[in-house]
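Make the full structure from the sequences, and use the hints.
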Amino acid sequence: MSIQGHRRSISNDATNVLSELPALVVVPSVLVGMTLALWTLKCMSLVLFQNKIIYMPSLPPYSRSEKLEDYQSMCGKVRWGEDSIMSNDGHRLAIAVGEIGQVIDHNAKSSIVILYFQGNGSSTPPRLPLLSRVATSIHDAIQRDVIICALSYRGYWKSTGSPSQPGIEIDAQTFLTWAADTYRASQVVVWGQSIGAGVASTALAKHVSELNSGQSINVKALILETPFVNIRRMLVELYSQKWLPYRYLWPFLRSHWDSEQALRRIGSTGKQVPPILLLPAADDEVVPRHDAAYLEKLCRDLGLTVSTVSVPAALHHQASEKPQGRKAITEFIKSVI
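Each residue of the sequence shown is one higher than the one before, starting from 1 at the first, in this note's numbering.
Quick caveat, the hints were computed from the structure, so don't treat them as lab data. Check before you lean on any hint, since a few could be wrong.
Stated by the list, open to error - For lysine to aspartate or glutamate, the following EDC-like pairs were computed, each having C-alpha atoms within a straight-line distance of at most 20 Å:
| no. | residue 1 | residue 2 |
| --- | --- | --- |
| 1 | 271 | 210 |
| 2 | 327 | 140 |
| 3 | 334 | 145 |
| 4 | 220 | 210 |
| 5 | 334 | 321 |
| 6 | 158 | 69 |
| 7 | 158 | 70 |
| 8 | 52 | 169 |
| 9 | 322 | 140 |
| 10 | 271 | 260 |
| 11 | 334 | 140 |
| 12 | 158 | 66 |
| 13 | 206 | 260 |
| 14 | 77 | 145 |
| 15 | 327 | 145 |
| 16 | 322 | 283 |
| 17 | 271 | 301 |
What you are looking at is a predicted structure, and each value in this text was computed from that prediction instead of being measured.
Structure, rendered in structure tokens:
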């Protein structure tokens with residue numbers, strides 16, 4: 001028998017077998033098979049394209065082509081400019097620098113410098129009005145020059161490269177080193193929002209544990225806005241149904257952003273640790289509200305100075321946009337500076 005004839009025979013046999021099965025067996029079998037195939041496809045997509053899912057520098061469309069001057073008119077008295085630095089592995093990183101006050105000397109001890117680590121979506125320019133309102137609130141309350149520096153991770157805005165946790169960790173260390181050189185005598189506040197809270201805590205943990213006395217920046221406060229414990233827990237919480245396979249994909253994660261691990265590392269250094277403000281959104285639709293409570297308890301167990309202000313009626317991206325959120329940030333900085 002020819003190969004073609006053999007294949008035709010096998011096909012006919014399979015058709016005959018299916019035709020002999022009752023419909024009550026065939027239909028459920030097909031549905032189960034299709035469901036398993038779709039589950040498998042989605043699981044593979046989540047694993048293969050996880051960096052595209054976690055890091056979204058191009059959303060909304062054209063966000064990477066936006067300019068600082070497009071938003072300057074909405075920034076009040078805060079003057080914005082652009083700087084760039086080179087990461088240790090050769091990527092150019094864009095930094096937006098906003099100033100309010102005289103700012104005659106960037107190294108003045110009276111200056112307050114805020115190092116801002118953004119969330120996972122969009123670029124820096126659309127954030128300028130929000131950052132300006134926070135900087136203005138601090139300036140008006142404390143009557144000091146305020147400088148706010150917003151880092152664009154690799155692949156975001158004008159920064160080169162593609163985002164990943166190992167790469168962003170390098171970017172964050174480069175940013176802190178640049179700040180140490182540029183604002184050595186100033187009082188520094190490290191502020192991270194959403195995934196940026198994980199970036200900020202991870203960066204500060206590494207910086208504090210590895211710095212030499214000549215490389216230190218004078219960090220007076222750490223602000224973690226809408227923080228989560230780690231991405232593994234987020235995966236389980238997003239897919240809470242135990243029968244869904246997606247919650248079991250954590251061994252394949254390439255990004256972890258583990259704030260718990262970072263805070264434990266900070267607490268174990270034996271060095272002076274700045275006070276921490278946790279700023280969760282009461283109506284957060286992304287991060288479960290108990291994550292902030294978990295981190296607060298962890299900080300207290302580690303002997304770290306921590307306070308928590310839950311911003312009422314705030315969604316995930318609104319904690320610092322709401323007046324109550326800005327007030328909490330301002331009063332916290334005023335209390336530690």
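Against the structure, the hints come out as follows:
no. : hint      : result
1   : 271 x 210 : 11 Å, holds
2   : 327 x 140 : 12 Å, holds
3   : 334 x 145 : 13 Å, holds
4   : 220 x 210 : 18 Å, holds
5   : 334 x 321 : 19 Å, holds
6   : 158 x 69  : 14 Å, holds
7   : 158 x 70  : 15 Å, holds
8   : 52 x 169  : 17 Å, holds
9   : 322 x 140 : 17 Å, holds
10  : 271 x 260 : 18 Å, holds
11  : 334 x 140 : 11 Å, holds
12  : 158 x 66  : 9 Å, holds
13  : 206 x 260 : 14 Å, holds
14  : 77 x 145  : 12 Å, holds
15  : 327 x 145 : 18 Å, holds
16  : 322 x 283 : 12 Å, holds
17  : 271 x 301 : 16 Å, holds
Violation of the numbered hints given earlier is absent; every hint is satisfied by the structure.
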